[in-house]
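Undergrad: So you can see what is in the structure, the chains are spelled out below.
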Amino acid sequence: MNETGAPILGARALRREYGREAGLVRAVDGVDLDVAAGETLAVMGPSGCGKSTLLHLLGGLDRPTSGELVLAGQRIDHLGERALARLRLGTVGFVFQAFHLMDELTAAENVELPALLAGVSPRRARRRATDLLEHVGLADRARFLPSALSGGQRQRVAVARALANEPLIVLADEPTGNLDSEATLDVLRLFDSLHTAGQTLVVVTHDARIAATADRMISMRDGAFVDETRLTGGSTGSLGTLAGLEG
Amino acid sequence: MQQEVVLALLAKEPSHGYQLRARLREALGPVGDAMNAGQIYVTLTRLEKAGLVASEPSAGLADRPDRKVYALTPAGQQRVADWLTEVSWPRPDLAEFHLKLVAAAAAGLADPIAIVDTQRRELLRRLRDAQRAAMAEPDRSAAGLLLEGIVLRLQADLRWLEACERTWTPRRDQS
Amino acid sequence: MAPGLGRDLRHHPAQAFLLLLAITAATATLALGLALHGVTSQPYQRTRAATNGPDVVAYLPVLHRPGRVAQPPAQVTTLVHDPGVTGHSGPFPLVGAVVRARGRAAPAEAEGRSQAPAVIDQPKLTAGSWVRPGGVVIERTFAGALGVGVGDRVTLNGRPFTVAGIAVTAANPPYPNLCYTGGGGCWASPIDRGTYPAAAATGLIWVTGPDADRLATSADPLSTYVLNLKLSDPARAQAFANAHGKGNNAGLTSSPGLAAWPGIAAADGLLVQDEQQVLSPGSWLACLLAVASVAVLAGGRMAEHTRRVGLLKAVGGTPGLVALVLLAENLIVALAAAAAGLAIGFLAAPLITSPGAGLVGSPGAPSLTLPTAGLVIAVALAVALAATLAPAVRAARTSTVSALADAARPPRRRARLIALSARLPVPLLLGLRLTARRLRRAVLSAASIAVTVTGIVAVLAFHATARLTRFGGSAGLANPVISRDEQMLTVLTVMLVTLAVLNVIVTAWATALDARHSSALARALGATPQQASAAVSAAQVLPALPGALLGIPLGIGLFALASGSGTVTVPPASWLAATVLGTLVAVAGLTAIPARIAARRPAAAILQSGLG
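Residue numbers (this note's numbering), protein chains in the order written: chain A, 1 to 247; chain B, 248 to 422; chain C, 423 to 1034.
For the record, the hints were derived by calculation from the structure and aren't laboratory data. Hints may be right or wrong, so weigh each one.
[As the list claims (entries may be wrong)] These stretches of chain A come out as covered by chain B in the derived footprint (C-beta under 8 Å, 3 or more residues):
1) 184-195
2) 211-218
[Unchecked claim] A few chain B positions that, by computed beta-carbon distances, are all more than 12 Å from chain A:
3) Pro261
4) His345
5) Ala352
[Claimed, not checked] Per the computed footprint, the stretches of chain A lying under chain C, defined by three or more beta-carbons under 8 Å from a beta-carbon of chain C, are:
6) 89-97
7) 110-119
No experiment lies behind these values; they were computed from the predicted model shown. Backbone N, C-alpha and C fix where the C-beta goes; we use that ideal spot for every residue, glycine too.
Isolated chain A (complex conformation) (with noise of 0.2 Å):
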């Protein structure tokens, strides 16, 4: 963990642009953030907003065009293919929209694989993909295959999946983009363990739901943040009201 304070994650101007002259798109045009430990941050914005592609860029998926990117005290943007997968494997936890999962592995094997790219060995790896399989309120269903589970079984098991090598920092590409409103409850109550548990996580949505879950939400709009909301605190107005009773 990280000593309080000092942000886990921090970005500065951070750039990513396709194409060239005349064809030339930026997807992330000049960025500044800090993600401080422990804390859950919402990125909302329109499509094609470049919200993604931020957040390739901060788990080491992509390499900036220009900028800084410092991820647990070391600067990530500059680094290798070879190394950016090394500190994939122990910082960033990922969660895609797609779920990803391989679909001929059992949830267990799912889980347990990023702790055995790591070297951990089959059987601590297998303990440790039971375990957060019971952390998500899956433990009944280690055994069972993706195309057995529902939308929202297929996401926890890619979040227990994200967490299986205890990472710094956990990256959600919309996870709830694929689910309907019951699955997205049991996301929502996945993220809300684990923020209470202490985890960083960045959420990347436009579903408003799991943004009102995170501690501060920005807006992001033509690859650039444009408004920032402390969401903590109260708000002015009180549930009956908002429910239609009178005074």
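Based on these hints, arrange chains B and C on the given structure of chain A.
TA: The following block gives chains B and C in isolation, referenced to the frame of chain A:
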């Protein structure tokens, strides 16, 4: 409308005022927390005046409203029956906000985008509160269902506000 | 439908090209074999016509009387005046002689001829002129083995001669099959064996009559005359020979040994038969490899076709129609490949096999007969059909809904392999799981490697044997049969290896395509690009190992079968080890390239493109 609710709560059997209050509390959960304790007695009195409800003092103490027993009159029962089959839905009130933006932009009083952002922030906070409360409820509780309704409507309102933001941005450039 | 076909071929030109290559290689090998087969009997006939070859050749032993000059035996008259005989030439004396040329020594039969052309069996000169005093004419293959040409000096039994000319004949099988019993046998091999290597084969030389007499020594006197006969009914040549001759070996009896022209023709064909023996199993191997390549290609393309099948069925296509459409695309390529293979095969045939230098000329371009062309086209279509049938049927059978919904055949789960892989280092872990996803393709891969190694090991066994049977070691003459076989085998090996490389590349492409998502995912989870590309390589090396090992006993067995000798030759262990290792290294190398290319794309891009 709240009058009809109280009438309906009396339909099962005559009850004391405090019993009605308890039933309401149970059905509303945390949403009903801010409700005025005396509100229900005011409503009961109005209903009595309208002839939909009749009260009887309970055995013992007299003239204390919280000790009276209330019951539906035949007119009251009819009113409940009619109410149950009504299909009117709570009126949306988007026009006020929409006109707020139009007026602000036209008169140059304020930036519509700033108004939208401020409103969004507020709605987000409310969404957070409602969601928190919803997650604290056990599965399938009546109160939980109500909270989910609140959450979904807030979500819908927020979507509309996003649309407002998108639409008003070029307009701002024009004005 | 037709525009759809064209579109598909245009969109995947690389696949269509690979398919074309695979089937072309198989049809070319087949066409080559067929062209060769058609060539067998022709040159002998041509030589026979050009030299006015005999229907029957009689070898008449002469009893030696010391001190007296040998005279032709009395049987000559009997034979010449037989009612079935319409003409004769000879009798010509046969003398054994040791030929020395360019530092080499070899045994030979010298036939004494007149300078005037003979009526029957006048050898056709391919270079130089006919015999003269002091000038000899050497049989063409023998001259090639000796390495002499017109004008060179040779010695026969120590006496100096000049090579006056080089010729071919239809009365004897060419070197080194002169002594082949069916072709007449050798009657005058020189006895003085110390002067030439023991395993050497005898060759044929023509000299003038007086020169032949002078060559006879007291130790090795003139003992045989040869008489060439023409029959009124050539078809009865064998019956005539059986009636008049008893046994063929010199020295055993004093009755003549007769050889009929069919036996000589067969002996002529020995050289070509050997080549056929090499070419037939080779063609089969090549065909097998081609089928394997095509199957993998077709299987890979089927994955993309399943969707189109769904669409076709949704608009009302019957399963039969659907299968037809899918097959039609591959058949177009197959037809093109058949044409290309025919062209290559028939153009290459004369280059590889001038059928025994001892027969007249090269046959030129063997004629492309309709049955041959038909057979090759049929085989090409059959290969395409066989390989695409299973996927086509399966695609046609899948319900429309699932065809539209699914992008590809979902991988099967192999629990035990997955559990096993957990203990392995990361590249093998991922690689073994990749293999397990498509077990059928891995088996196909292993099979094609097995086929290739079988071919290579058979060639190695041949080389091991050839070393043993080279005439008299390196100092002796090269056996043209062996060297011709070596040529053939080299060509075949090259073809097999090319097909195998093709196969590996095709499988690598299909595997890389299939592995795109899981490789990208593994990299997103933290595997390095090197580990991911090593995994794709490992996914192919793992099945290649048992394939290569299996190829060793199969190759030894194949050679034992093909050579017909029945003896099992095991090539040296170092050669076998080198083959297996070389195969694995080659597979790893070939698959590393597409794997590295795939691994260089950022993982995010692949995952975002919506796979999985």
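Undergrad: Against each hint, give a clear statement of whether it holds in the structure.
TA: We went through each hint and held it up to the structure:
Only residues whose beta carbon comes within less than 8 Å of a beta carbon in chain B count, and the region 184-195 of chain A has 4; three or more means the coverage holds. For the region 211-218 of chain A, the assignment as covered by chain B holds, since 4 residues bring a beta-carbon within under 8 Å of that chain's beta-carbons and 3 suffice. Once the 12 Å rule is applied to beta carbons, proline 261 (chain B) is consistent with being away from chain A; the minimum gap is 24 Å. For histidine 345 (chain B), the non-interface assignment is confirmed: its Cβ lies about 20 Å from the closest Cβ of chain A, beyond the 12 Å cut-off.
Interface exclusion of alanine 352 (chain B) from chain A stands, the closest Cβ pair being 19 Å apart, more than 12 Å. Counting residues of the region 89-97 of chain A whose C-beta sits closer than 8 Å to any C-beta of chain C gives 4, which meets the bar of three, so the coverage hint holds. Counting residues of the region 110-119 of chain A whose CB lies closer than 8 Å to any CB of chain C gives 7, so the stated coverage by that chain holds, three being the minimum.
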